[in-house]
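Q: Top to bottom, those sequences are chains A and B.
Per my numbering: the first sequence = residues 1 to 416.
Per my numbering: the second sequence = residues 1 to 416.
Note that these hints are calculated values from the structure, not bench results.
Predicted, not measured: the structure shown is a model, and the values here were computed from it.
From the three backbone atoms N, C-alpha and C, an ideal C-beta is built for every residue, glycine too.
Careful, some of the hints might be misleading.
Computed list of chain A residues with no C-beta within reach of chain B, every gap over 10 Å [as the list claims (entries may be wrong)]:
id : residue
1  : Val19
2  : Glu31
3  : Asp90
4  : Ser323
5  : Leu354
6  : Ala361
7  : Glu375
8  : Lys404
Calculated pairs, SDA-like style, for lysine to any residue (alpha carbon to alpha carbon, straight line, at most 25 Å) [unchecked claim]:
id : chain 1 : residue 1 : chain 2 : residue 2
9  : B       : Lys109    : A       : Asp97
10 : B       : Lys109    : A       : Gly223
11 : B       : Lys191    : A       : Tyr334
12 : A       : Lys300    : A       : Tyr334
13 : B       : Lys109    : A       : Glu184
14 : B       : Lys191    : A       : Gly203
15 : A       : Lys191    : B       : Ala212
16 : B       : Lys109    : A       : Pro415
17 : B       : Lys309    : A       : Leu195
18 : A       : Lys109    : B       : Tyr403
19 : A       : Lys17     : B       : Asn355
20 : B       : Lys109    : A       : Ala224
21 : B       : Lys191    : A       : Gly206
22 : B       : Lys17     : A       : Gly206
23 : A       : Lys191    : B       : Arg111
24 : A       : Lys109    : B       : Arg111
25 : B       : Lys191    : A       : Ala10
26 : A       : Lys309    : B       : Leu354
27 : B       : Lys17     : A       : Gly374
28 : A       : Lys281    : B       : Ala416
29 : B       : Lys109    : A       : Gly374
30 : B       : Lys191    : A       : Glu184
31 : B       : Lys17     : A       : Arg352
32 : A       : Lys233    : A       : Lys300
33 : A       : Lys109    : B       : Asp90
34 : B       : Lys281    : A       : Arg83
35 : A       : Lys109    : B       : Leu354
36 : A       : Lys233    : B       : Ala416
37 : B       : Lys109    : A       : Phe311
Protein chains: 2
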Amino acid sequence: MDELMSKAQAARAAARKLVLASTAEKNAALEAMADALLAHKDAILAANGEDMTAAENGGMAPAMQDRLRLTQQRLEAMARDVRAVAALPDPVGEVFDQTVRPNGLRISKRRVPLGVIGIVYEARPNVTSDVAALCLKAGNAAILRGGKEALQSNMAIVAAINDGLRAGHLPVDAVQLIISTDREIVGRMLKLRGLIDVIIPRGGAGLIRFVAENATIPVIETGAGVCHTYVDKAADPQMAARIVYNAKVRRPTICNAMDTLLIHSHIADTALPLIANELGKAGVELRCDPVALSIVPTAKPATDDDWGKEFLALIAAVKVVNSLDEALEHIARYGSGHSEAIVTNDESAARRFLNEVDAAAVYWNASTQFTDGGEFGLGAEIGISTQKLHARGPMALRELTTYKWVIEGTGQVRPA
Amino acid sequence: MDELMSKAQAARAAARKLVLASTAEKNAALEAMADALLAHKDAILAANGEDMTAAENGGMAPAMQDRLRLTQQRLEAMARDVRAVAALPDPVGEVFDQTVRPNGLRISKRRVPLGVIGIVYEARPNVTSDVAALCLKAGNAAILRGGKEALQSNMAIVAAINDGLRAGHLPVDAVQLIISTDREIVGRMLKLRGLIDVIIPRGGAGLIRFVAENATIPVIETGAGVCHTYVDKAADPQMAARIVYNAKVRRPTICNAMDTLLIHSHIADTALPLIANELGKAGVELRCDPVALSIVPTAKPATDDDWGKEFLALIAAVKVVNSLDEALEHIARYGSGHSEAIVTNDESAARRFLNEVDAAAVYWNASTQFTDGGEFGLGAEIGISTQKLHARGPMALRELTTYKWVIEGTGQVRPA
Chain A
1 MDELMSKAQA
11 ARAAARKLVL
21 ASTAEKNAAL
31 EAMADALLAH
41 KDAILAANGE
51 DMTAAENGGM
61 APAMQDRLRL
71 TQQRLEAMAR
81 DVRAVAALPD
91 PVGEVFDQTV
101 RPNGLRISKR
111 RVPLGVIGIV
121 YEARPNVTSD
131 VAALCLKAGN
141 AAILRGGKEA
151 LQSNMAIVAA
161 INDGLRAGHL
171 PVDAVQLIIS
181 TDREIVGRML
191 KLRGLIDVII
201 PRGGAGLIRF
211 VAENATIPVI
221 ETGAGVCHTY
231 VDKAADPQMA
241 ARIVYNAKVR
251 RPTICNAMDT
261 LLIHSHIADT
271 ALPLIANELG
281 KAGVELRCDP
291 VALSIVPTAK
301 PATDDDWGKE
311 FLALIAAVKV
321 VNSLDEALEH
331 IARYGSGHSE
341 AIVTNDESAA
351 RRFLNEVDAA
361 AVYWNASTQF
371 TDGGEFGLGA
381 EIGISTQKLH
391 ARGPMALREL
401 TTYKWVIEGT
411 GQVRPA
Chain B
1 MDELMSKAQA
11 ARAAARKLVL
21 ASTAEKNAAL
31 EAMADALLAH
41 KDAILAANGE
51 DMTAAENGGM
61 APAMQDRLRL
71 TQQRLEAMAR
81 DVRAVAALPD
91 PVGEVFDQTV
101 RPNGLRISKR
111 RVPLGVIGIV
121 YEARPNVTSD
131 VAALCLKAGN
141 AAILRGGKEA
151 LQSNMAIVAA
161 INDGLRAGHL
171 PVDAVQLIIS
181 TDREIVGRML
191 KLRGLIDVII
201 PRGGAGLIRF
211 VAENATIPVI
221 ETGAGVCHTY
231 VDKAADPQMA
241 ARIVYNAKVR
251 RPTICNAMDT
261 LLIHSHIADT
271 ALPLIANELG
281 KAGVELRCDP
291 VALSIVPTAK
301 PATDDDWGKE
311 FLALIAAVKV
321 VNSLDEALEH
331 IARYGSGHSE
341 AIVTNDESAA
351 RRFLNEVDAA
361 AVYWNASTQF
371 TDGGEFGLGA
381 EIGISTQKLH
391 ARGPMALREL
401 TTYKWVIEGT
411 GQVRPA
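Just chain A, same shape as in the assembly:
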C-alpha cells in the first residue's frame, strides 16, 4: 500500500478512537505535544536550518524565507499556541435541539468530531502545530500535506507531535504528515471518499482553486479576499482616513486587507485628498478611476483589471461612486464575499450596507483587518472560510465538528 492510503487508513482508525477521548485526555495530550515541541527544539531548528539553506540556495524571496524561518522564540510561540488550544472550551459532546416527539421518541443533536480532516498548506511551518492542535482538540485526526520547501521542518515538528500524542496516551496516528512531495499525491488525497471527511486548503489562490476543482470530498475554501471599504457621503473624513489606512497598510499581504476604496462623490473632494495623503506616507500606490484621478492627479489611472483584484501589496484601487447603490453594485460584482466595510455616520445607510452586502464579514465603521478568529473571540483560527456552506468567515474549534442525531425509543415503529 502506498504512503497516502496507509496513512489515511491509519488516520481513520485513529479518528474512531479520538471520538471517545475525554476533554481531559485531549488536553493532556496537547500539553504533552507542547512539551515535546520544546524537548525536540534542537532537532526542529536543525531541520529548519536545512530547509532554510535550500531556500537560500534556491533563491526564495526574502519575505517567503521569513515565513519559513523558525527560531527558538518562534518555536516557543508554537508551543504556547498549542497550550492555548488546550485551554479553549471543548465543543464536542454539546447536546442541542432536544425534543420529545408526540410518539415518545427522544431526539437530540449531539456535537461530534468531523472525523479525518485533510489540510493542504504552504510554507509556514507553524501551521503544522497549529492545525494539528485544533484538529485534535475537536476530536479529529489530521492528514497534513505541507509545502515541500518546509518538509524537513514539518517532519521534525510532526515527530515531536507524535511523541506528545504517545506521552498523552492518544493514538499516534491522529496526526499524519505526507512525506512524498509528488504533487500527484494531493490530487489523489482530494478524492479519498470514505477516508477523509473534509479537506481544508490553506494558501494562495492557485492552491485553493486546484483543491476546489479537483476534490470529490467536501472542501472548506479559505483565503481569497477582494475587500472593499466604502466611504459614504455621511462619513467622518478623519475616521475614514484612519480606517482605510489600517485596512490597507497594517498588513497588506493578508486576505482581509482592503483592495478597493469606494468613495461617495459628495465627500470625495474633501476626504480623498486626506486619505490619499495618509496612504502616500506608507508608500501605497493608488490606481484611480478618472474622477478619483482628477482629485489625486499624482496617482496612476486604474485599468479594468484593477477592479476585483486581490493585490496583497501596498496597492489600492480607488473609485468614486455617486450613491450607496452604486457602491453596493460594485461590491456585488467584484467582491469575493470575504470582508466589506462602510464608513458612515448615517445609520440607515449603514443598515442597508450590512443587510445587502453578501460577505462573510460586513463592517460598519471599523477596519476589515479585524476578520480573524482571535479578534472575533474564537480563541484561535484554522482559516477563514470564503464559502457559505458549513462555516463562514473565521473558523475555529466548533467549525471542526459536525453533529449526529441521537434517537432514543422504547420500541417505536413508523406507521405506514
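Chain A is already provided as a structure; the job is to place chain B on it using the hints.
A: The following block gives chain B in isolation, referenced to the frame of chain A:
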C-alpha cells in the same frame, strides 16, 4: 447567452432581492404559489398526461410511472405542502453568538439565505414545488434541473409557481427551471462558481456520485443509505422483530430502510427464527451468513457483495456477530453513515452504540425509517444529508441558510 448562463444570472439577481424580503412577503408569495398550482390544474395535469404517455410508450417500470403520475388529489397535496412551508418559522434574520469585544466592537452572527441553490433531481414532479417552496421560504433563489421524463409536468408546475411569485410581488426569476435535456448542461451547472452557491442532488446513487465527482461548487450529498439494525444479546425478541420488520418492510425503497440485520449469537437461536418468520410474511428475501443460514435454512446464502449493499427492495442481508464490538466493526466498515439502530435493553450497550457509530442518525430501540424531516420535527425536508459538512441527516429551512458576521464599530482599527 445560453439558457443556463442567462437563467443563473437571473437567479443571482433575484437572490439579491430575496435577501430583503420580509417573512410576510415570502409567506404571501407562497400562498399565491399554492393558489396558482390549483388555478393551473388543467394545464399541469395535461402536461403530466404527455409525460405519462411518453413513459408508457417508452416502457417505464410501473413503480416509476407511479412516481411520475399526477392526479387532482396529488396536485392538491402539493399545494397543501406549499402552504405548510408558509406556516413554518422563518430562519432568516436570527441573530446569535452576540458579543462585545474589549475594544468595543459589537460582533454577532446573522442568519441569511445561502443565495442561489441548484437542485438536480429525478422523476417525481412534486419535488419541483416542494423544493421551490423551501428554497423561497429560506430566502433563496432556486435553479431546478429535473428529469427529462417529467419535463412537461415540471414546466407546467414552474409556470404556475412563476405566476404565484408575480402575484406575490417577489421576483419571478427566483424559481428557474432548466428546459434543455442535454446532460452536458448538468456538468456545466456544477461548475458555476460565483453564480450558484450550493448544489443539492436528489436521486439515485449514480446521480449523486456524478454530482460529487464533477462539482466545483459546494455540494450537499443526499440519499444513499446502507442501514444496519443490530439486535443485541439483551434485546427483547418481540420488540426486535417489530422494529426490524418496520425498518425493512414499511417502505423498502427508501434510503433509511434496513439493509443488513446484525444479530448477537447469544440471542440468534431464539430471536432470528421469530424475525425471519415475520419478514417472511412480507416476502422478504434473506441473504444469510453461514451461522444465520444454519438457523434459517430456508434462506439464501449471502455473498460478499451483500454486505454494504443498499438493496432498495424486499431483501435483507443477515449476519450473526459474537459481540457488540463485532457489530460496531461491521457498521464502521460497511455503513454509509446514514441511519443505524441497536435494539437492546442494556443501557450501557446502547450508550456505546450511540457514541461510537458514526452516522447521521443513531437509534436505540426504534426503527430507522423515522429518519425524516417531518418525523424529526423540522416540518419539512429538502433531503437527507449523508455528509458531515454543513448539515447531517434531515435538512429543512435552517439548513438552507448560512450566516454572516456583522461587526459594528465606532472607528476601531486593528493594532499592529
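Q: Take the hints in turn and mark each one as holding or not.
A: Status of each hint after checking the structure:
1. Val19: 7 Å, violated
2. Glu31: Answer for A/Glu31: holds, closest chain B Cβ roughly 25 Å.
3. Asp90: Its Cβ never comes within 10 Å of chain B, the nearest being 15 Å, so this holds.
4. Ser323: 16 Å, holds
5. Leu354: For A/Leu354, whose nearest Cβ neighbour in chain B is about 5 Å away, the distance does not exceed 10 Å, so it is violated.
6. Ala361: 4 Å, violated
7. Glu375: Per Cβ check, A/Glu375 is inside 10 Å of chain B; nearest 7 Å; violated.
8. Lys404: 6 Å, violated
9. B/Lys109 to A/Asp97: Holds, at about 19 Å.
10. B/Lys109 to A/Gly223: 20 Å, holds
11. B/Lys191 to A/Tyr334: 19 Å, holds
12. A/Lys300 to A/Tyr334: 20 Å, holds
13. B/Lys109 to A/Glu184: With a Cα-Cα distance of about 39 Å, the restraint between B/Lys109 and A/Glu184 is violated, given a limit of 25 Å.
14. B/Lys191 to A/Gly203: 21 Å, holds
15. A/Lys191 to B/Ala212: Within the cut-off at roughly 10 Å; holds.
16. B/Lys109 to A/Pro415: The hint is violated at about 40 Å.
17. B/Lys309 to A/Leu195: 18 Å, holds
18. A/Lys109 to B/Tyr403: At roughly 20 Å apart (the allowed maximum being 25 Å), B/Tyr403 and A/Lys109 satisfy the hint.
19. A/Lys17 to B/Asn355: Holds, because 11 Å separates the two Cα atoms, which is no more than 25 Å.
20. B/Lys109 to A/Ala224: 21 Å, holds
21. B/Lys191 to A/Gly206: 17 Å, holds
22. B/Lys17 to A/Gly206: 32 Å, violated
23. A/Lys191 to B/Arg111: 32 Å, violated
24. A/Lys109 to B/Arg111: With Cα atoms ~19 Å apart, A/Lys109 and B/Arg111 stay inside 25 Å; holds.
25. B/Lys191 to A/Ala10: 33 Å, violated
26. A/Lys309 to B/Leu354: With Cα atoms ~49 Å apart, A/Lys309 and B/Leu354 exceed 25 Å; violated.
27. B/Lys17 to A/Gly374: With a Cα-Cα distance of about 33 Å, the restraint between B/Lys17 and A/Gly374 is violated, given a limit of 25 Å.
28. A/Lys281 to B/Ala416: 17 Å, holds
29. B/Lys109 to A/Gly374: Since the Cα atoms of B/Lys109 and A/Gly374 sit roughly 16 Å apart, the hinted pair holds (cutoff 25 Å).
30. B/Lys191 to A/Glu184: 22 Å, holds
31. B/Lys17 to A/Arg352: 12 Å, holds
32. A/Lys233 to A/Lys300: Holds, at roughly 24 Å.
33. A/Lys109 to B/Asp90: Judged against 25 Å, a Cα distance of about 20 Å means the pair holds.
34. B/Lys281 to A/Arg83: Roughly 61 Å between the alpha carbons, so the hint for B/Lys281 and A/Arg83 is violated.
35. A/Lys109 to B/Leu354: Roughly 12 Å separates the two Cα atoms, so the pair holds.
36. A/Lys233 to B/Ala416: 29 Å, violated
37. B/Lys109 to A/Phe311: 28 Å, violated
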